[in-house]
Amino acid sequence: MITAMSKPPSIPLPTHHPDADLLMRYAAGTLPAGPALVVATHLDFCPVCRRQVHAWEAVGGALLNNQRPEAMAEDALERALARLDAPLPTARMRPKTEPKVDMALPPALRQRALGPWRFVAPGIRGRAVRVDPAEDYKVMLFRVGAGMAIPTHGHRGMEYTCVIDGAFSDAFGRFASGDMAAVDAAAEHQPLADPDSDCLCLIAVRGRLRIHSLLGRLVQPLVGL
Amino acid sequence: MGLPEAGPAASPPASTVVLEDVHARHLQAIATQGDRAAYAALFRHYAPRLKSYLMTTGLPAMEAEELAQEAMLTIWRKASIFDPARARAATWIFTIARNLRIDAARRSRAADAALAQESLTPAEPEQADEVLSALEVADRLRATLATLPPDQLAVVRLSFFEDAPHPDIARRLGIPLGTVKSRLRLAMARLRGLIDPVGVKP
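Protein chains in written order, with numbering that gives the first Met the number 0: chain A, 0 to 224; chain B, 0 to 201.
In short, the hints are calculated from the structure, not lab data. Accuracy of the hints is not assured; some may be wrong.
When the alpha-carbon atoms are kept at most 16 Å apart in a straight line, the in silico EDC-like pairs for lysine to aspartate or glutamate are as follows [said to hold, decoys possible]: (1) B:Lys180 / B:Asp150; (2) B:Lys77 / A:Asp84; (3) B:Lys180 / B:Asp167; (4) B:Lys77 / B:Asp34; (5) B:Lys180 / A:Asp20; (6) B:Lys180 / B:Asp162.
Whenever a hint applies, use it, and build me the whole structure from the sequences.
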């Protein structure tokens with residue numbers, strides 16, 4: 000059934016996936032920007048979930064065809080035809096300064112505006128990933144040194160994580176490249192990076208992280224979480 | 000009707016398939032010849048439905064109309080990247096409108112110019128059998144949606160397009176909350192069964 004097995008992938012396929020509800024909301028376009036970016040990152044690694052997103056998009060297409068038509072303005076088609084020859088808007092889509100594309104990042108993240116790397120705690124650095132602030136999600140890339148623990152933390156809202164490189168383990172299991180975790184507010188966990196390599200992961204959190212250590216409280220203002 | 004359709008329980012009604020094929024041919028005519036008649040035909044079918052979809056997501060009529068226009072213009076410009084072997088016309092058109100809506104919402108909140116979502120540019124080619132099964136799944140989903148009673152379909156639409164909380168749906172459709180939940184559970188179970196039949200995931 001899982002056809003992706005036929006091509007030998009350079010890295011193993013993810014084993015931790017977003018649930019059906021997240022994939023549906025991603026495909027429907029109703030997921031807020033933060034979690035949507037984490038899901039998009041997982042999709043870069045996961046053909047199984049890509050296929051499911053396509054299927055939910057097909058639901059969207061079918062529902063679109065089922066929509067009760069809403070009358071357009073009388074001259075709508077005329078206006079539409081008149082616009083066809085307008086020159087392509089080249090300037091609008093281009094960012095003012097061409098961002099440096101980091102090819103080590105998965106495609107979903109390559110064109111994102113990224114903040115500078117900052118010290119978070121010994122062995123941990125983080126950089127902000129720009130998303131629409133109105134949706135109340137903070138998105139960060141974390142690089143956690145081999146064998147390092149991320150300080151114990153809890154959060155008020157959901158926390159979405161996708162591992163990009165390396166791996167970490169916590170009470171929920173081991174998470175390697177492409178693996179995604181969605182942890183709810185009640186959970187308090189302490190992720191620990193694998194001992195042999197750094198772990199690079201993308202995290203979206205609603206509201207603020209609550210880090211339960213003196214160090215955590217000290218660094219919190221620095222990372223803006 | 001007379002189509003030698005395979006598929007046991009839920010092969011799509013022939014009329015819908017034909018309609019989709021016509022739309023796919025229109026898109027290809029736009030891509031290869033800049034065919035305005037084909038564009039006008041697509042516009043007449045999709046523009047009012049796109050406007051309706053956009054209003055369902057909460058946009059006022061004027062903005063929905065503008066964004067439907069924008070989506071149709073995007074369809075004209077990007078017709079050459081539509082690949083009928085990868086997606087049905089309606090699916091592709093839905094993703095265009097969905098992405099424009101997301102971008103418009105972010106622009107209107109004066110966030111920094113959000114970059115257009117990736118899915119409009121073809122990703123790396125999928126395995127041939129994956130693509131085939133994606134189209135099959137799409138057809139079965141559509142067939143399943145076509146068999147849903149209108150009251151179930153209304154609940155699915157509000158939930159999918161709008162992510163509306165269940166109490167909102169109940170209020171707007173004037174039905175009890177329990178009814179919303181049971182209808183949604185029934186319909187979603189059928190759709191999910193098609194989308195993730197082997198339950199590869201927890």
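Hint-by-hint comparison with the structure:
At most 16 Å may separate the alpha-carbon atoms for a hinted pair to count; lysine 180 of chain B and aspartate 150 of chain B meet this at roughly 12 Å. For the hint linking lysine 77 of chain B to aspartate 84 of chain A, the alpha-carbon distance of about 14 Å falls within 16 Å, and the restraint holds. Of the pairs offered as hints, the one joining lysine 180 of chain B and aspartate 167 of chain B holds, with about 12 Å between alpha carbons and a cut-off of 16 Å not exceeded. For the hint linking lysine 77 of chain B to aspartate 34 of chain B, the alpha-carbon distance of about 13 Å falls within 16 Å, and the restraint holds.
Taking the CA atoms of lysine 180 of chain B and aspartate 20 of chain A, the gap is near 15 Å; set against the 16 Å cutoff, the hint holds. Of the supplied pair hints, the one linking lysine 180 of chain B and aspartate 162 of chain B holds, its CA atoms being roughly 14 Å apart against a limit of 16 Å.
Taken one by one, the earlier hints all hold for this structure without exception.
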